Amino acid sequence: MAHAYTPGLKAIPCTVLRKKRMLPIPGKVLAESGKQIDALDVVAQTELPGKVYPVNVANRLGISPDEIRGYMVKRELDKVKKLETIAENKPFISWFKTKIESPVAGTVESVSELTGQVLLREPPKILPLKAYIKGRIAEVHPNFGVTIETEGTFIQGIFGIGGETNGEIAAAVESPDEELVAEDIKELHKGKIVIGGKHASLNTIKRAIEIGVHAIVVGGIHDRDLRQILGYDIGVAVTGTEQIGLTLVVTEGFGMIPMAEYTFRLLKSREGEKASVSGATQIRAGVMRPEIIVPGYPKNVTQCKKDEGRGWIEPGDPVRIIREPHFGVIGTVASLPPELTKIPSESRVRVLEVTLPGGEKLVIPRANIEVLEK
Amino acid sequence: MKEKDLQVIIATDCGSTTTKAILIEKKGDTYRQTFRGEAPTTVEAPFEDVTKGVLNAITEVEELSGRKILDGEKIITPNSGNTGADIYVSTSSAGGGLQMMVAGAVKTMTGESAQRCALGAGAIVMDVLASNDGRADHEKIERIRQLRPDMILLSGGTDGGTVTHVVELGQFIKAADPKPRLGASYKLPVIYAGNKDAREKITEILGEGTALMKTDNLRPILERENLMPARHKIHDIFLEHVMQQAPGYPRLMNMVHAPIMPTPMAVGLMVEKFAKAKNYNVLAVDIGGATTDVFSVFSGVFNRTVSANLGMSYSISNVMAEAGLPNIMRWLSFDMDEQDLRNRLKNKMIRPTTVPQTVEDLQIEHAVAREALRLAFDQHKMLAVGLKGVQQERSISDAFEQTATGQSLIRMMDLNYIIGSGGILAHSPRRIQSAILMTDAYQPEGITMLAVDSIFMMPHLGVLAQISEKASLDVFYHDCLVKLGACIAPRGLAKEGQNIMEWEITEESGSASGGKQSGVLKFGELIHIPFKAKGKISAKPVKGFDMGHGNGIKIEGEIEGGVAGIILDGRGRPFEPPKMHSKRIADLNKWSKSVEMYPV
Chain A
-13 MAHAYTPGLK
-3 AIPCTVLRKK
7 RMLPIPGKVL
17 AESGKQIDAL
27 DVVAQTELPG
37 KVYPVNVANR
47 LGISPDEIRG
57 YMVKRELDKV
67 KKLETIAENK
77 PFISWFKTKI
87 ESPVAGTVES
97 VSELTGQVLL
107 REPPKILPLK
117 AYIKGRIAEV
127 HPNFGVTIET
137 EGTFIQGIFG
147 IGGETNGEIA
157 AAVESPDEEL
167 VAEDIKELHK
177 GKIVIGGKHA
187 SLNTIKRAIE
197 IGVHAIVVGG
207 IHDRDLRQIL
217 GYDIGVAVTG
227 TEQIGLTLVV
237 TEGFGMIPMA
247 EYTFRLLKSR
257 EGEKASVSGA
267 TQIRAGVMRP
277 EIIVPGYPKN
287 VTQCKKDEGR
297 GWIEPGDPVR
307 IIREPHFGVI
317 GTVASLPPEL
327 TKIPSESRVR
337 VLEVTLPGGE
347 KLVIPRANIE
357 VLEK
Chain B
27 MKEKDLQVII
37 ATDCGSTTTK
47 AILIEKKGDT
57 YRQTFRGEAP
67 TTVEAPFEDV
77 TKGVLNAITE
87 VEELSGRKIL
97 DGEKIITPNS
107 GNTGADIYVS
117 TSSAGGGLQM
127 MVAGAVKTMT
137 GESAQRCALG
147 AGAIVMDVLA
157 SNDGRADHEK
167 IERIRQLRPD
177 MILLSGGTDG
187 GTVTHVVELG
197 QFIKAADPKP
207 RLGASYKLPV
217 IYAGNKDARE
227 KITEILGEGT
237 ALMKTDNLRP
247 ILERENLMPA
257 RHKIHDIFLE
267 HVMQQAPGYP
277 RLMNMVHAPI
287 MPTPMAVGLM
297 VEKFAKAKNY
307 NVLAVDIGGA
317 TTDVFSVFSG
327 VFNRTVSANL
337 GMSYSISNVM
347 AEAGLPNIMR
357 WLSFDMDEQD
367 LRNRLKNKMI
377 RPTTVPQTVE
387 DLQIEHAVAR
397 EALRLAFDQH
407 KMLAVGLKGV
417 QQERSISDAF
427 EQTATGQSLI
437 RMMDLNYIIG
447 SGGILAHSPR
457 RIQSAILMTD
467 AYQPEGITML
477 AVDSIFMMPH
487 LGVLAQISEK
497 ASLDVFYHDC
507 LVKLGACIAP
517 RGLAKEGQNI
527 MEWEITEESG
537 SASGGKQSGV
547 LKFGELIHIP
557 FKAKGKISAK
567 PVKGFDMGHG
577 NGIKIEGEIE
587 GGVAGIILDG
597 RGRPFEPPKM
607 HSKRIADLNK
617 WSKSVEMYPV
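These protein sequence lines map, in sequence, to chains A and B.
Just so you know, we're using the numbering used here here: the first sequence kicks off at -13 and counts up by one.
Just so you know, we're using the numbering used here here: the second sequence kicks off at 27 and counts up by one.
FYI, nobody ran anything at the bench for these hints, they're computed from the structure.
Just so you have them, the derived chain A footprint on chain B, three or more residues with Cβ under 8 Å:
#: 1; segment: 185 to 193
#: 2; segment: 445 to 456
Okay, derived cross-link-like pairs now, EDC-like style, lysine to aspartate or glutamate, Cα gap no bigger than 16 Å in a straight line:
#: 3; chain 1: A; residue 1: 285; chain 2: A; residue 2: 137
#: 4; chain 1: B; residue 1: 227; chain 2: A; residue 2: 99
#: 5; chain 1: A; residue 1: 37; chain 2: B; residue 2: 203
Small disclaimer: the values here were computed from a predicted structure and weren't measured.
C-beta atoms are modelled at their ideal positions from N, C-alpha and C, and glycine is treated no differently.
Chain A with its partners taken away, still in its complex shape (with noise of 0.2 Å):
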């Protein structure tokens, strides 16, 4: 077998990408088929329906539930306002009279003879669905959204958290392998996606979240840090709505790993230029990374190609080892022998060579890379 089956993230300068937006239920879709639109831009949105309170009228005015019509001041479908009294009871002394009150406004939707409930729904919520993409609306789905096609760099990371941004690239360090650190955090990166190297700590995000810091992209971070920011451990995978202030890329994994340098040099090609930022990272069947998405060719680039993912390997190609214990190494494959080779830990799996830049060559198993894809 001359090549095996390895995806691996995403780091292309120039590709045409399209981004299918849409709602979670239907709605109505504002942009129309062709049209140019901003990141920015709203591009279908819907009504989401309001929340459900149940009051138990019954119960509280001490009736039975085939009573309760009796004693209701509103009927279903009416409006009601927050505390305004949807129901009582008719006492001889009014010194005994029971108000019940709407804990919240909305309509009366249901009045049930049977449990003595009544359901109060709250108005509906306006959902708007932003383009989060510049570019060209390369078709419609009716009710429930757009799917947006641009040209631009694409550069995915491994993990992530925070929702989808916006803003100009700044690189706050000079190379991928030197820490971004809480004082290279200035206020003119205030609204930008800042660029850091192999590691960014707890305070540097703090730092970066009191400034106003749209998001961060980084080589590494440490999971400890990572607690301490959410308040809590992170069991599966599964990212994108958290509100920290702020998104963060992470591009190699956990620890501290110089960001690869092909990344953090087409990341820096691109500096002041405008870009979308996704922390959403889920990690099952159906795999979504986080990403930068820079729309526009970069300099020296007069062509965008398809991203067509080759989804295997050759030697020469280049890896990152992506497990100990040569965690975060990049180096290029020199052979994959098709045999099933014993490693240390006596599992017999399919390996390959990598050569380190130095020239040194380690066997690792195939499982254990990851292609760098450009």
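Take the given structure of chain A and dock chain B to it, following the hints.
Structure of chain B alone, referenced to chain A:
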């Protein structure tokens, strides 16, 4: 086709990442698994058609076996010479499996019965809603809105019992207006299996907005569960609604010769068949990357639980979060920096397909596996209980030994067999590693046989059992089950070094060595005896220790070895590694060395 005419069977299991195909052929009077193939599952984009992965996996079987099974995208039936197969069966857990929400009036009664019902049908239970679950009513409605299950099972009230609570739950479901996970424009299937007196009201409330189906009450009286009608309904809906929405499944359903089963349901069926055939109490576990399934049959009662976020790759970090780092570190026989361990586990979470290259890394995964197995088993024990809320008649003698209802059915001393499956147990470099992981996590008592499922074949065999029980059991005994050997563990605690049991093991006559081995087990000792045959054991525990017949009472019986040999576990029950750091490291190294668990 009649069962006796079956000669060649092809079976697949469509997992979330891999589709596995096996070929079963009748050799003489016995069915044997002969070839296997696998291919990535193709439920997700860009393929979005599960049959592509199925055809790829079967093609690999064709290449290896030399048998032509496919004619384009069709299975050639029946078999003739070196072409075709007589039947094709399949299970599926792709696309997240079957995801359900269940509801019952009282959490520990009908709520728990509904949960057992859904789990037994192979579902992942996303939430259990009950009138007394401690949440405010608006929180319950909000929760139903957030989840997008494949279906809801609504129970509540014994027949003739509460109507109000069930109707209230129905109203909450209606108000939440939940949408199904697949196929946004379809109505969500709701199965009503509660108080028959509330059926009319439930139809009024949910008849229009949901795809409502009614079946017999799953708890008609407090003293009895009747889970099968609702379980069958779940399976029908799984096939008619859920599968129809999943990419490529309508085509797969046309290919198979028996209904597709959710993978865990098929595994459960196989465990039940085995337990019944041998009259054993059985515990089986499937520890995967994302979830851990636990199955048990005790005194004929089957139970299944799934711990949706305990696994060895996607969920490895959640094992750390739930068990706590100290509980993982207590299994490590070397010093390790806490930050390093945290980062390593998170790196496995974000790159879940990597494998341990060093012995140290392997030991870390084994430490996590013990905790994942333990936690999933704890969750299983909480659900595998007798019915709660049952009235008990007590005699005067009972007054001195009163037990509450809802006692756990899992009694380790009565357990005959533990079957492990999933990568970490089935593919460990040394078989003894699997045996020790299960021993440490489950702490079996008395004599317990340990085994692993060689290549995770139980799903295929479970679904095949619908058509031919003989074929599925033949393959199960000959090719699926890899016997590791028995674990012998007296229950009790003593001082380290104290003699706790005299033992003697004799190989059955006619075996190669035919020998007799004997000795004295000391407290704190782990003895490993290479032993592959069948034989007899006699064990006399000292006072304070029990091997199943009572305190200090001698036992005699049959014993079986296996590829890992017999383990005599003198570490006591309940067992916990020593708290003191240096003692713990020394003991773990001593035990590891005595069973030759890792290369030196």
